[in-house]
Structures are given as C-alpha cells and as structure tokens.
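Number of protein chains: 2
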Amino acid sequence: MIYRTHTCGELQGTDEGQVVQLCGWVKSWRDHGGLLFIDLRDRYGVTQIVFSPEYNAALYRMALTLRNEFVVSVKGKVGLRPQGMQNKDMLTGEIEIQAERLDILNKSKTPPFEILDEIDVHEELKLKYRYLDLRRPTNKDNLLLRSDLYKVVRDALHDQHFVEIETPYLMRSTPEGARDFLVPSRNYKGQFYALPQSPQTYKQILMVAGFDRYFQIVKCFRDEDLRKDRQPEFTQIDIEMSFVDEQDVMAVAENLMRSIYANLRGQKLADPFPRLSYDEAMRNYGSDKPDLRFDLRIQHLTNIFSNTAFNAFAEVINNKGIIAGLHLNAGDKFSRKQLDHLTEHVRKLGAKGLIWFRYKNGQLEGPVVKFLSENEINKIIEYTGAVDGEIILLVAGEDEKTLMVLGGLRLYLADFLGLADKQPDSILWITDFPMLEFSEEENRYMARHHPFTCPRPEDIGRLDTEPEHVKARAYDLVLNGNEIAGGSIRIHQAELQRNVFRMLGISDEEAENKFGFLMTALEYGAPPHGGIAFGFDRLAMILAGADSIRDVIAFPKTASALSLMDGAPSRISEAQLSDLGLSIKKD
Amino acid sequence: MIYRTHTCGELQGTDEGQVVQLCGWVKSWRDHGGLLFIDLRDRYGVTQIVFSPEYNAALYRMALTLRNEFVVSVKGKVGLRPQGMQNKDMLTGEIEIQAERLDILNKSKTPPFEILDEIDVHEELKLKYRYLDLRRPTNKDNLLLRSDLYKVVRDALHDQHFVEIETPYLMRSTPEGARDFLVPSRNYKGQFYALPQSPQTYKQILMVAGFDRYFQIVKCFRDEDLRKDRQPEFTQIDIEMSFVDEQDVMAVAENLMRSIYANLRGQKLADPFPRLSYDEAMRNYGSDKPDLRFDLRIQHLTNIFSNTAFNAFAEVINNKGIIAGLHLNAGDKFSRKQLDHLTEHVRKLGAKGLIWFRYKNGQLEGPVVKFLSENEINKIIEYTGAVDGEIILLVAGEDEKTLMVLGGLRLYLADFLGLADKQPDSILWITDFPMLEFSEEENRYMARHHPFTCPRPEDIGRLDTEPEHVKARAYDLVLNGNEIAGGSIRIHQAELQRNVFRMLGISDEEAENKFGFLMTALEYGAPPHGGIAFGFDRLAMILAGADSIRDVIAFPKTASALSLMDGAPSRISEAQLSDLGLSIKKD
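These protein sequence lines are chains A and B, in that order.
Per this note's numbering, the very first residue in the first sequence carries number 172; after that it's consecutive.
Per this note's numbering, the very first residue in the second sequence carries number 172; after that it's consecutive.
Chain A on its own, in the form it takes in the complex (with noise of 0.2 Å):
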C-alpha cells in the first residue's frame, strides 16, 4: 500500500491540481456551511483536508466519524483555497486538500490533554502520556533542535579530526563524590558493575592509547538526591586531547560554539571568547558562572567605613568581612514593599539583612542614613555617579557569603528588572579556579573538578602546606549565567596523580583499588593531555528557550527518578533476583 505521497507541511498553490496523498493525525475538525474540514497534522506541518458531502457523499459520512488524534491516509486534489480562507502565516495556508478517499489508519481514544502549546497540564500527566506531549509543537521542535545540534557537533568536531570513540556503560565502580549506579552482575554474584558517571578514566586512557583527539556524545549517570532540574541520566558532549594546555582546549571549545551559533542561530560569537578569573567572578559577580548578558557588578565599599561610627559595619570589618553591594538606576521601581521583599530574598540567602540607600533630588535617603558621616555618604554618592533615581542596596558579613548573596541578590534583580532580555547571549570562561575545596560533610578536601585536575606548575610545591591557595588548570564554559562546559588539564604523571590522591585523603590503597588501572596506565607513556565536556542538555535547552532541561529530553525522569510513562523503576521477579544472587533487605 502506498500511505503519502507528501507531507503535511511542503503543498503550497504552485502545486494547485495535483492529486496528492497525506498521511497525519487530525489536529482538528470543523463542519462548516455544509464542509467538513480537517486539519491534518505531521511532524512536517498541517494540511487542510475538506470533505464534501456533493463531492462525495459516502466519504463526507465517514470523515464524520473521524475525531481528534486518529490517523488517517487522505487522497485528493490540491486546491486554491477561497479568497480570505488563506492562511499566510503558514508555508502551506494557500491551498486545500479536496478529499477523494480517505483511510483511517487508527483511532485514537480521545487524549487526556489537548495536543496544544498553549493548553497547561500537569507534569506528571504530561510524563504518562509523553507521547501525547511530544505531539505539541514546542516539544516537537526541541527535539528536532536537539538533533541538529547532534549533527552540528558532530560535524565540528569531525572536522578538527576528532575520533568518536564509545566507552563502556559496564564499569568499575569508583564512586569519588557522587553515587554511582550499580549494576549486579550474575556471572560473578555479589560483584557489580557500575553506569559510568562520566567516561574521565577511558578518555585519559585513550590519551595513553594515543588518538591524540577523542570526542563522544555519551550518556552519564548520577545517583544523587535530585535536585531542581537534574536528571539521574543525563547526555554530555565528552572531548579529551594530547599534547595540549588550556589554550588548545578553549580553543576548540570556542570553535564548537562557533559553529553550533552560527548553524542552529546564524550569529557570531565573540573570539576569543572573554574570560574572567574565578576570583574576578567571585568580586565582581558574586558567581562562579555569572551571567554577563548584563553588568550589575558588585560595588566594594567596605573601605568607605574603615573607621565608621555605624556598629553594625564596624563589627564586619572587625571580623575581617566585607561591605558590598549593587546599585542601579531603577530607584522609582522600588516601593518600600518592595524592598522589604529583597530583604527577606537575601535573607534566605544567607545574610543578615540588606542596607538601601536612594538617591533622590540630590539627597541620600535610607534608613541608616542617620548613622553615616558627612565623609561616608559622599562617598556613597561618589560610587553611583551621583545620578538621580539611583538605589544602593548593600550587605555586610564575611567575605565569601557576602559575595555568594549579592550574587544570588543580582539574578533576582535582573530577574525582576528583566535586564536580560532581549540581550545577545553572554559567553564566558572562568578560569583559574581553586583546585581543592573542604568538605565540612567528609572533613578533608575534595577535588573541586575531579580528581585528575592538574595543579598550576607554579602551585605544585603549595600542595602539601597551602593546598586552599593551589589553583588548578581548569576552566568552566559559562552561557547565559549556565555552566555548560568543564574542564581541565589532567595529571599526566603517576606520581603527581598519587600524591594529589594523598592530598585529597585517599590512601594509596583505596587509590590502587578505585584507580589502580589509570596509575598503571600513566606509567606505560602518557602524554600531556586535557579535555573538557559539555553537558549537552543544557546546552540543548538554552538554544531551544527552554525552562527545564526536561523540555529538550524525550522521555525525562521525575525529580525522584521515576518513568512515569513506563512505570520504572519497578519490582523484579523472585527468578530474577535470585539470578543475581541478591536479596531484597527488609526494613
């Protein structure tokens, strides 16, 4: 049987006569003067069909049986549509379908939803029947988005002779910071094999194995408590190089983003692209991934109150904390409400309170205007270029919450003030960052990036006595206020791979165990390398204009890792477990 012979979404009124056949669901039907008309709808468009009961009686009275979601074959005639029926905002609003025959591939159940952008449903309707979701327009186009970007990567990547490699799925199970997922293995019961949460170890290896340029769109796994937004399976564009430094990585960073913007948006990104480092963030924007499609820096004015008869700024400095702030022209945006909003906002964040200042008519105003010398508000007036309108809201306290808060502080403002809209996409590199953090949970210091991060040369003696001045040769790729992309320089030497391991509290036997295979490797001649990964589903959603990486995935799990569509995870078989010598622990 032939089904088409075009699709729903390529007739236009040069095709006028031509005896045609379409395949689609009915998007919808109306009986009109006597007509019956449908919409028919593919992934490639919609097409108007009209069944006429002079034309064709027989077939009128089985289109009206048709209803919303079937499926149908329609032969016909292209024609013109009436003067004033045209519909120019679609490729294919000339011209109608005159139906000859129609064949109903299926029915359908009358859907929970409506197959409508507009129409709002629940989430967990919306993940049952995803199939009905991806149905409407705006999912449909993310994950034809998505697959452009597939190719456009790809393409890229290819390009700048890079191998596509596939690493295992089946692996050790070297948990170091989040969970692994685990898979038990029945050939040896009671071992497991683990998903793997990033291919960091096979791609070093095929550095020692020499492809020299490795890239892979591969999905990695975490088994973590959920958070906003986070998915327990997720897809990351995996890059790795030889014979490189920083520069070498960025660069062929940049030049997939290059190509992504210029093939998916037709737009030129900077080059190279402006780079900040993790300090400067942090000063400046209170972030490790600021978004700088707006300014909105954080102002220093802890040095305005060194000697300040305010109490509450004098104890700060006492404390070795800082005073600092935003300001902005927005001042009349601002109702006392308002600012009691922002208050209870950095609140939540953190800090104590939020000192405001206006600018109005030539006069400070604020409540702790009061408290400040002559010298101080000057200076305060000094800071926002003493024009009219301007607000200052400033916090006090230790130096790196304070930072954290204003940062936190400066989204919600633009979030409010809509400062990033309609603004060119912000791209950014932070460099530079601290290779180790402390984890008050696990008391030791934990790799900031992984394990395999290579200290800066010049910090390598600190790492035994300053390890939190050590930097590491890592660098984050930051669009829009997201971190799409990370990376670093590896360790290339065993031995400064164990004694960073030490560092990090890992005895050399855990790290012979976890990580025996990669030691061995890095002392069979491995050569410089480093690399970097994208996390492809965000990447995907900030070109799409998505809310939620769910947006750009097809089938999506719930934030507690449940299908919904198909029900998993779910109870096994007792033959099943018992294949797998497990048993299930009871309460």
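Since the hints were made in silico from the structure, they are not lab data.
The structure displayed is predicted, hence computed values, not measured ones.
One should not assume that every hint holds.
If several chains are the same, the list does not tell them apart, and a pair holds so long as it fits within one copy or across any two.
[Said to hold, decoys possible] Here are the simulated lysine to aspartate or glutamate pairs, EDC-like style, with alpha carbons at most 16 Å apart: (1) Lys360 x Asp396; (2) Lys278 x Glu694; (3) Lys280 x Glu666; (4) Lys278 x Glu666; (5) Lys642 x Asp603; (6) Lys280 x Glu694; (7) Lys360 x Glu395; (8) Lys299 x Glu694; (9) Lys198 x Asp210; (10) Lys756 x Glu745; (11) Lys390 x Glu404; (12) Lys523 x Asp511.
Chain A is fixed; fit chain B onto it per the hints.
Just chain B, lined up with the frame of chain A:
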C-alpha cells in the same frame, strides 16, 4: 608551552629546511654509525628523528636515555634522507628531522609486549593493557574506521530526514527472550530499572509521538550466557519509520549501506539488493544468513531415491526425511583422510553420517555406489553435470536438520577451499520469516523476531489455528554470511498486539504488567510503522576485515563479561549495598 607544530604523519620532501616540532611515542631507536635514529609515532604516522653527537653532543647523550614508548617533543629541521635510505612506502619516508631540542614529556615502563601488529599476544594480556594494544596499527586503524562509520551512517540518515533521538538507559524491566541487566533503585528500595536490550518500545512510542523517522546509534545490553564473540554491551543503529511498509524500510537500509560502501570502500553495491525468502534460503543454502560470495547450492536428490533399494536412504524417505547434498569440482582436493574429517564434522553438526561420491574418468565411485541402481547412479551423475573431478557429499535425514547440517558443511567447505577469498562482498535480504518458533525449553511458541512484529495480513486468520505457518513482516540483511541488520513492520493496533501476546502464551495480566505502557500508547493514534536495527559492531568488523567484534570495540569484555583493564565487576562497599537496601545471598 608549544608541544608541536606538525604531526608525525605529514612532513614530506617539500618541507625540507623547515624548523618543526613533533610529539609522539618512541617507536624504535637504533644507534647506527654514531648517529641515533628514533622512529617517532603518533596517531597520524611515523617520522624519523636523527640525533647527531657532532651536531649537539648534550642532546645526543640525552637521546641515548630514550626507550621505547617514552613520550617526547622534538624540535628540529626537516632534511632529506640520504639516497638509498628513503622509504617509498610511507608518506614521511623521504625525510628525517635533525633534532635540535628534545623534551621528555613522560617515561614508560617496558611494555609487556611490543607495539607491533605481528606480535602474537595472549588475549588476556592484550585486554589488561588495552591502551598498549590499541597503539598497534591495525587496532588503531580499526577504531578510526569505526569513527568514520559513525559519521557516514549519521550523515546518510540525516540526509534522509531522520531525527536523532536519545532514549532512556534506565527503563522498565520487560524481559522477553534474553535476560535484562538490572539497576537497583536507591529511592525505591527493592525496585529496579533495567538497561535496554534495545530501544524497541521507545522507538515505537516515538512513532506514536509523530516523529515519523527516528534513528539513534545506541548501546544495548543483554545478560546472556556469552557465546563466542558476543559482548554484554553492544552498539546498534536503531531506525524506525512511520507510514511505511517493508519496501520503504528496506530502501532506507539499502541507501544506508550504499553510502557506507561508497564512502568507506569506494564500491557500488547492487541496486536493489537481491532477496531470498527464508524458505528459499533454507532450502538452497541451509541457513537464514547464507554467505553468497560463493554459490555452492544444496542439491535435493530425494526424488532420485524414491524407490531405492539402499536401506539407509529408504528409511529416511519413509520417515519423510530428505536426501540432499553439495557437489563441487574439487575432487582431487579431498583425500580419504579429509573425507573422514568431513564426516566427523557433519556428525558434530548433528547428521548421522556423510555419503560421498566422486565422478572420475566417467565413473561414479564411493563406498555406497554398490548399493545403488544404475538409474540412481546415472541420475547422480546427471545432477553434477557429469564433469570429471566432481565430488558429491550427501546427507540424509529429517528435513530441517539436514538442511542446517548442509548449511554448516557448506561454510566448512568454503573455508577449506577459500571459496570466499577475493570475492566481492555479498549482501542480500532474507524475507518472509516464520513469525514463531517453538521453544522446547519454555514449551510455548516464542516470537522469532520480537513480540511486536506484525504478521502478514493474509496470515492473521491462521494465528490461532496454524501458528507455525504464520509468516512475519520481518526482514534480515545479510552481509557475507553475517546477519548485520534485522527489522520488521510492527503491530500498530492494540487489539492485534493483545492477540499476539496471547498466542505467545503471555497472559493479559503479564502483557499489561510488562507492556501496558506500549499498549496504551497504541490506543492514542499509533501510525503504521516499522524499522530495522543494524549491529554496528559486526558491521564495523566486516568493513575492517577483522575476525572478532572485540577488534573494533575500544574496551571489550571477555566472554564471561569481565573487563580485565579496570577489573569490573568488583565488590562494592557495605555502604553502597546498604544504600540500595540489598544484601548478597550466601551460597
């Protein structure tokens, strides 16, 4: 630091005089007439480096410390090799680099085997040191070919408007046929995800969602008792299409194969590919995946012996068996001893014995000639074309088993005689498979392809009455005797799917429990659809001319699913086990 200006695979005579810098591994070194020659290897090739004590004595002494597989960066001037020392077989064979600077980037222990194709290394050692094994030229080239194959496949499918969509790896366990690999859930203790045996249900649901043409190159997992050259995780090119019949899917697959052969082999394949029904393939070649690089077709001689006096044959015919065989003009290649070997071989394949004849000097000879009538002898001679030197090998017995034995014998003979050597690749379709096969083990009919395969419309009425005669709308693609792809038109109507499940002995309750989500999807406007899946590893293996899929997988596992390099599977910590609410059963 700049590591290199060129790779080891590009400098030629025309580059003479350039100062260049290369990186790579010391492939070999030889002290020769006071000069030290190093062959430096990277992914791209090998370049000869010369260290001369007269030119730079300190550098020469440093170079003397180099050993095989050390990683170095060398700077120097490109010079022409002396006359007679040039190697025309390699691009870089005209030149050498006069070293001016040497950086030892990393040392290497002495590898457990030399990095040469010719070295025969024990499989376990190769897998343990896979990063060294992968440095060997053939292995490296295999993975580069595999990388090109990904690219060609994806380009060809994108060009045909397929959408690339990723399906979940953590899905519901729905074992039917092979065993699932399972992943315990931490959030829902006692419940499990399964790794996909294939994305079959998801790709069908993507058709219900309206994506029309889907593809993915995807890992699949089967926890089977591993047969030779199977891997617990393997890669599949997964394709599904809507509004199609068999011809449409086969055309897409043929276009794909033509792209692959055009791009990677510079060869044209037949258009369209030849097709054989399952019944024809079995009858003529004793196999559902016949290697047609050579003909060697099964001859059916049962009719000749319908009134035979030869007891062994008469008995077989009485039991409705067949007498069939192969004949080939290679009589002088088979000594009595070799014929004994053949007999032994067919016995292993399950036959009672092998009967041979030789036609030589106008005479039919062989151990059972004396039992045959003149008419029977003449008929045998007639069958073979009465060519001197013909040998005839007959097997008698039950129909299906005899054909399979002859299929096995056919391959054995082809291997022995090198019949496939230097023949053009043979690609063909096998169609009209039986839908079911009876499983002695499960004492029920099992789906030969999978339970979603559509029966031929004309056979639907026989589902209940003669299930063994129902043919499926299924097709396999066979390349050089390997099944490289298999697919089918799927059931797109819930009611027929329910009937097929019942016929497979799957109760409504079990069907609902395992496949309820698919059945529900079929009720909301499922289009007619079908697809195909290619075994990517096997395809890469054939294109690489390799003997095993392990040769085209970066990090393969052993036959018992061990990863010898990283030592997976392994014991996990008590904390990990306890997180999952599992305990390991004692024997």
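Enumerated hints in conflict with the structure, sorted upward: Per hint list: zero violations.
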